[in-house]
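S.K.: Residue numbers (this note's numbering), protein chains in the order written: chain A, 855 to 1111; chain B, 21 to 251.
Hints in this document: simulated from the structure, not taken from any laboratory.
Worth double-checking, as some hints may not be accurate.
Unchecked claim - Result set (DSS-like, lysine-lysine): computed pairs, CA atoms no more than 25 angstroms apart in a straight line:
| hint | chain 1 | residue 1 | chain 2 | residue 2 |
| --- | --- | --- | --- | --- |
| 1 | A | K1001 | B | K246 |
| 2 | A | K996 | B | K246 |
| 3 | A | K1029 | A | K931 |
| 4 | B | K123 | B | K145 |
| 5 | B | K131 | B | K235 |
| 6 | B | K246 | A | K1053 |
| 7 | B | K93 | B | K144 |
| 8 | B | K123 | B | K93 |
| 9 | B | K145 | B | K131 |
| 10 | A | K1001 | A | K950 |
| 11 | B | K45 | B | K235 |
| 12 | A | K1053 | B | K211 |
As the list claims (entries may be wrong) - So, partial list: chain A residues that the calculated Cβ filter (under 8 angstroms) puts toward chain B:
| hint | residue |
| --- | --- |
| 13 | E1014 |
| 14 | E1035 |
| 15 | P1042 |
| 16 | L1055 |
A virtual CB, placed ideally from N, CA and C, is assigned to each residue, including glycine.
Chain by chain, the residues run as shown.
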Amino acid sequence: MSITTKAGAHALSLSGVSRNFGGIRAVADISFDVSHGKRLTIIGTNGAGKSTLFNLVTGVYQLSSGSISVFGQDVSKQPAHQRANLGIARTFQTSKLFQGLTVRENLYVSLRQAIGEKKISWLANPASADQLRIQSTLLLEKVDLMKKADILVSDISHGESRQLEVAMALAMRPKILMLDEPAAGISPTERVRLVEMLKSLEKEITLVLIEHDMAVALAVADEVIVMHDGTIFMQGSPDEVRESSAVRDLYLGSNHE
Amino acid sequence: MSDLSISGVEAGYGHVRVLHGVNLKVSDKPVALMGRNGMGKSTLAQAIMGMNPTTAGAITYGNLTLTGLSPTKIANAGIGYVPQGRRVFPSLSVDEHLRILEKRNGQWSAKKVYDLFPRLAERKKNGGAMLSGGEQQMLAIGRALMTNPSLLLMDEPSEGLAPAIVEHLAISLQNLVNEGQRILLIEQNLKFASTLCDEIVILSNGEIQATVSSKELRASAELQNKYLGVA
Chain A
855 MSITTKAGAH ALSLSGVSRN FGGIRAVADI SFDVSHGKRL TIIGTNGAGK STLFNLVTGV
915 YQLSSGSISV FGQDVSKQPA HQRANLGIAR TFQTSKLFQG LTVRENLYVS LRQAIGEKKI
975 SWLANPASAD QLRIQSTLLL EKVDLMKKAD ILVSDISHGE SRQLEVAMAL AMRPKILMLD
1035 EPAAGISPTE RVRLVEMLKS LEKEITLVLI EHDMAVALAV ADEVIVMHDG TIFMQGSPDE
1095 VRESSAVRDL YLGSNHE
Chain B
21 MSDLSISGVE AGYGHVRVLH GVNLKVSDKP VALMGRNGMG KSTLAQAIMG MNPTTAGAIT
81 YGNLTLTGLS PTKIANAGIG YVPQGRRVFP SLSVDEHLRI LEKRNGQWSA KKVYDLFPRL
141 AERKKNGGAM LSGGEQQMLA IGRALMTNPS LLLMDEPSEG LAPAIVEHLA ISLQNLVNEG
201 QRILLIEQNL KFASTLCDEI VILSNGEIQA TVSSKELRAS AELQNKYLGV A
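My request is simple: use the sequences and hints to build the entire structure.
M.R.: This is the structure we're talking about:
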C-alpha cells in the first residue's frame, strides 16, 4: 500500500513498478514502502533487476508502468535532476567520477551542488573556499581517503573510487541515500569500516542499499528485500532472510555462513 | 607448463610510481594476491598483460620474456585476463562474445561456458549493454576461459556476483586447478580466495609484504587487520 498524502508519507513508495527492455521484463510489478529513516537492503540473484530498480527510482530510466513517490510527492514523470533536488543521492555500480579532477575536487563538485551554488564564486570567496575545504576533509576522513585527497581520480584504485562515490553521495546531504554495491572492490577490513560508517549515519537519512556481501547487507538493514527475475522473492527482517532455506537455495548457496 | 616469474618489477602512472620492485612466482599452485585498496594489485595485473609499461624488472612466462610485448602477444602466449570492471562490448551479444573466440580443438567452448554460468545461456542473445553488472562479470570470466589459457589472471572475478554464484565459481575453478589450470587471482573476497588458494600473497605499498596461509588469515581478525586493514 502506498500513501499519497504528504503528512506521514513514506520516504519512498513504489506501486506496481515495471520496466521492460524490448521483450525483457527487467522489473515486474514491484511495490514496497520505505519509512522515513529506515534502512532497506536489496539483495538478489544476478540480473534480478536490482540496479534497474535504482535507475527507476532515481529517474535514469522511465517507468513502463506503475508509480513512485518520494515523501508523498509523485515523481514518476520527473526527470532525474528534479528527484535529486528532493534529496535522493546515489552511487552507481560502476564508477562515474570526473577522472581529470583530484579526489578532493570531485567532492567540491558535490558539495557545491548541495549548497546550490550556480557560479564558481567560491574561487573568489575565501570564506566559502574554507568551508568547502573543511567539509571535504570531514568527508574524506569518513571514507578513509584523506591520504589520496590531492591525487587525480584517474590514478586512484577501483576500491578507492567506490569509497569516493560514497563520500560524494554523502556530500549531497541526502534525505534518501541509495548505494549500489558499496562494498564491491574494497578490502575486508575496509568493509568493516564501511559498516560502521553506514550504522553511524544520521537517523534522518533513509538508506537503500544493494549489496552482495551479507556481512554488510544484513548488518545495516532494518528490512531486506530479496529480488529474483524482476520480482520480490521475499521481504522480511535480516534474521528471517538469513534463516530462509528458499533464499539459501536461490541466492546464498549451501556453504554460506 | 610454464611458470610466471615476476622479478624486481617497477611500474606506475605518469611520475607516480606504484610498484616498487615486486617479486612473485606462479607455478602449479594457484596464488591469491590480496591487499588494501590502492596498493598496486591491478597495476601489477596490467603490467603482466603489457597494458601498463614497466620501468624496471622483468616478467617472464616460461622461456618467454613478456616485458615489452603487446597485450595481444601476451594473451596469445596463454595468459587469459579477466580485467577489473569487466569491459564487455556493449553492442555484441553474449553469444557473439564467446563465439568469436571459439577454437575448433580448444578445450573451452561456448557450451562449456554456459554450463559454468547457466544465467549466461538465458541471456545468450542480449547485448553487453543489456547485461547486469554480475552478468557482465560472468561473461568476462567466460571470455577469458574461451582463449584456453594456461594461466588465468583474474582481477576480482567475484565482484558483483551473488554469493551462490561465487560459491559455484570457486568449485568450478578448483576443478580446473585439479586438471592443471594455473591461476593468479586478485581478490578482496577472503572466503573465495581462501577456498581456491592455500597461500595468500599480500601486496602493500607496491611491494610484497608477506605470504600467509589462507587458513590462518581467515581465522585471525588480527592478521586481517594487519594485512588488509585501513591503517
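S.K.: Taking the hints in turn, state whether each one holds.
M.R.: Hints versus structure:
no., hint, verdict
1, A:K1001 to B:K246, "18 angstroms, holds"
2, A:K996 to B:K246, "20 angstroms, holds"
3, A:K1029 to A:K931, "20 angstroms, holds"
4, B:K123 to B:K145, "20 angstroms, holds"
5, B:K131 to B:K235, "35 angstroms, violated"
6, B:K246 to A:K1053, "24 angstroms, holds"
7, B:K93 to B:K144, "29 angstroms, violated"
8, B:K123 to B:K93, "17 angstroms, holds"
9, B:K145 to B:K131, "14 angstroms, holds"
10, A:K1001 to A:K950, "21 angstroms, holds"
11, B:K45 to B:K235, "21 angstroms, holds"
12, A:K1053 to B:K211, "24 angstroms, holds"
13, E1014, "5 angstroms, holds"
14, E1035, "6 angstroms, holds"
15, P1042, "5 angstroms, holds"
16, L1055, "19 angstroms, violated"
Checked against the numbered hints listed earlier, the structure breaks hints 5, 7, 16; every other hint is satisfied.
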